[in-house]
Amino acid sequence: MELSRRSVLTSMAAAVLAGALPAVARADTGAPGLWVDFGGATAPAPGYVRVGTETYSAQRGYGWVSAAGLSTRDRGGDPIHRDFVFGTAARTFRIGNLAPGRYRLAVVAGDLTFGDHITQVQSPGVDGGTLPELSPSLAQFGTVTGTLVVPAGASTVDVTFGSPINNWVVNAITLEPVPVAETPRVAYVNAAIASTWGPILTSPDHTVALLAGHRARAAGRTVASTDLARADYLRLIGSGIDFWTSWQSPAGPIIDPYRNSEFQYSTPAFAHAAAALVAYAGRADLVDAAARALDHSTRTLADRTAASAHEDFFPPMIAHAIRLLAPHVPAARAAVWRADIDRFEPFRTYRAGVGGNNWNLVAATGEALFQMDGLRDAHHRFAEASFAGQGDTFDPVLGLYLEGPLAYDHFPRLWAGDLIARGYAGPYAAELTESMRRASIVSLFMQSPTGELPAGGRSAHHQWNEAEQCVTYEIFAARALAAGDAELAGWFTRAAHLALGSMFRWVRPSGEMQIVKNWMDPAERVGYESYSAHSQYNLLPLSMLAIAYEHASSTVQVAEAPSPADVGGFVLPIDPLHKVFANAGGTYVEIDTAADHHYDATGLIRAHFAGHSPQLGSSDSLVTAPSYVLPAGAVTAPTTGIGVAWQTSPGTWRYFGELAPDLTEDAVLQRGTESAEEVTFALRYNGSFGGGVTAVEERFSLTPEDVRVTTTLPGYTGPVRRVAPVLSHDGRTPATIVVDGEEARVWQEEDGTSTSTLVYRMHDAETVQVGAAQYGNHNGLMRLAVGEYAAGAGADGVTLTISAHRDVTVTVTTRSVAGTVHLVVRTRNNADVPGDVRVTTPYGTRTLTGVAPGRTVATTFATRAASIPAGLVDAVATTADGTTATVTEAYEAHTSR
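Once you know that position 872 of the sequence shown is 1256 in this note's numbering, the rest is easy, because the numbers rise by one and skip nothing.
Calculated from the structure, these hints are not laboratory results. Everything numeric in this text was worked out from a predicted model, so none of it was measured. C-beta: ideal position from N, C-alpha, C; glycine also. Keep in mind that a hint or two might mislead.
[What the hints assert, rightly or not] Pair by pair, the computed Cβ-Cβ distance ranges are: (1) S692 / A565: 43 to 53 Å; (2) G737 / A452: 49 to 59 Å; (3) A565 / T426: 49 to 59 Å; (4) Y642 / T1244: 53 to 63 Å; (5) V1217 / T1279: 38 to 48 Å.
All chains, full assembly: derive it from the sequences and hints.
This is the structure in structure tokens:
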């Protein structure tokens, strides 16, 4: 590759130093001159004078002609390099009381924590006319040296500092007599970059116990396959890309159909995903579209004119797109892409500061890929500096990324995981590798049995949440298989497929996805953040799926094995993210103990059941003033999840979900039973919560059939309510809500097919009703189920049970008869009308006709074998009113005795 100017200077003059930088020595000649150490209040280097922003005086003999706009900074370190003066507009430093003659001028410029300065030095009488500019990288210091002449009759030298980007810095100046002229020269030295990493390589590894527990609980279990495979990544990518090609402008950018302009990183994401189809699906028809998108992406990145100023997200997508597409285009075109990458300076192009938020980590992984692919000088320090500064955002025990929102825990990790999986061995590879490994395992235990990423904070409920899981889990399935752990590989493969299956639920008839988990018109932006768009949040997940597809290449033959989301048997507190997860046999809850009320309520915010629609009501809470967009017509909601409310004064209700995070963040967890059949635990919150409530205790019991939560308000004698948000309309299909005694039942029917039914039972409530008010959240329009309890009930505890029911349920057992195995299939009709059920097993099919409501029918299938492997039973029920429901149940291997 052609080296940039920075690369040449670095290669020729930079010395990478293992320790601290050497001090700039003063020549002790006794001759007239000046040695200036610029900065603030710290002591100057020996033999130097300290100058901050003092203006020139003849008596002092040095200073700034004008100090307007000048500032000082101190980064710590040795006296010369730790601190400096910087400015934006050109400013002149004057040195007086000089004798006529020739002097050597040396200027030191650099910054230990930023690499975005360019310093130009000008002074009259310089031998050779001009001095080279200084453009040091982060933790790099440049020294420009030249000679100048103070003519007869003069006694001052003016040194002017400026910058073509209005950002210059100066650490030191030395001026001393020399006998002869010298050629101007520049030298760079690199300082050590400070690491912010915690002890991830030596801290206790809790994933060992997590994996051992799941290995024991999963032993001998089977699970119904998702029937998804590696090729399905390309199927979903192809569906989306075929839609978005019609929204590409002739110059290459993707135009958002609702914003009517290019937005954020839609175009490089399109380039990458389309390139994957070219490379792996033989889609030669997409070469031109992909190449035009990549032309535009590399050019706008290099020019720092990316759409919505989102350059930081371009690098990994561009790196992958160039790698995949270059073999399919003329060499000259690919050379332009490479030249675009080479011609920009990372420290001055990307928007986020080094060591900053997820933006910086994404940019750094892309820059590291550029280096690995020969597109960036291997000695460039952007990736190293970024990884060094990112360390303190990773949890030093769990490896999670602690920016706050759950989506932005996993988002930076997918890019770092991809980098590691592609063989990155540069600075901080060990720390990144161990963080990614631990966090990937922890994430398995946070995943919903429906495949969804946990809710919590901004960008939740977007489809890219699941796509990022696909990447992580495919990467670590491959690594587990390579390490000889096929069982762990099966768990990761299963988790990846669960996430992919969740995404397929939201494909629109036009081929692209709903970007948030509702069916509202995308023009209404329901559930969108201010930065959400139909284009970038459709194409971002397709780019992610292209990465997942590549990493799944070695695990094509790995069978899905029951993952933690399927089996459960655990309570998992994630204290840094104030979350508690629990799962028993595929019944799953997520609790936020200190919620951000712009997005979530405090308390139980999610209850999911394996095989059941998660959006019927127990997937998202309500908040009074959300930062995301609500459906039109939604009224102001109370801030509540699945919780309780109590009176603080007559007619005024305080919802547990609205309690401020600083009141609830010290919740105390008490563990109970933890098995796949039952999980019990309690959370206690202590504080002054209003209305005389000084504590809230919630006791949870999870089984594969239901979630039971009993909430106690010790000492509170007033009236209390149980509350639960339930779906009213998702934008396509209304929900049916029926109240029957203590129960509220919710389901949807569409095209003759009924979803499962969620049942909310508020035990011993005086009344249960579902209000008419239509509230909004990410999933659409909601209503609030309310159970009213008499005064004093809260002190004893009020109980809610949530269960998921189908029109038909199936249980399968095995038994031995005369030395052979028989399958016994029990089918129950849970509908309110009679129906027919067709039962299919590997050993035959039977149809049960006219099964009455509430009746269970047992059917025996003779296998004629002494031993059978694990398998599946399918039951399809058709009720008298024409609706159908399908259920699949697994059974374990059995040997007759």
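Do the hints match the structure? See the list:
1. S692 / A565: 43 to 53 Å: The hint (43 to 53 Å, Cβ to Cβ) holds, given that S692 and A565 are roughly 51 Å apart.
2. G737 / A452: 49 to 59 Å: The hinted range 49 to 59 Å is violated for G737 and A452, with Cβ atoms some 26 Å apart.
3. A565 / T426: 49 to 59 Å: violated, 35 Å
4. Y642 / T1244: 53 to 63 Å: Holds - the Cβ-Cβ distance for Y642 and T1244, about 57 Å, lies within 53 to 63 Å.
5. V1217 / T1279: 38 to 48 Å: holds, 41 Å
Checked against the numbered hints given earlier, this structure breaks hints 2 and 3; the rest are met.
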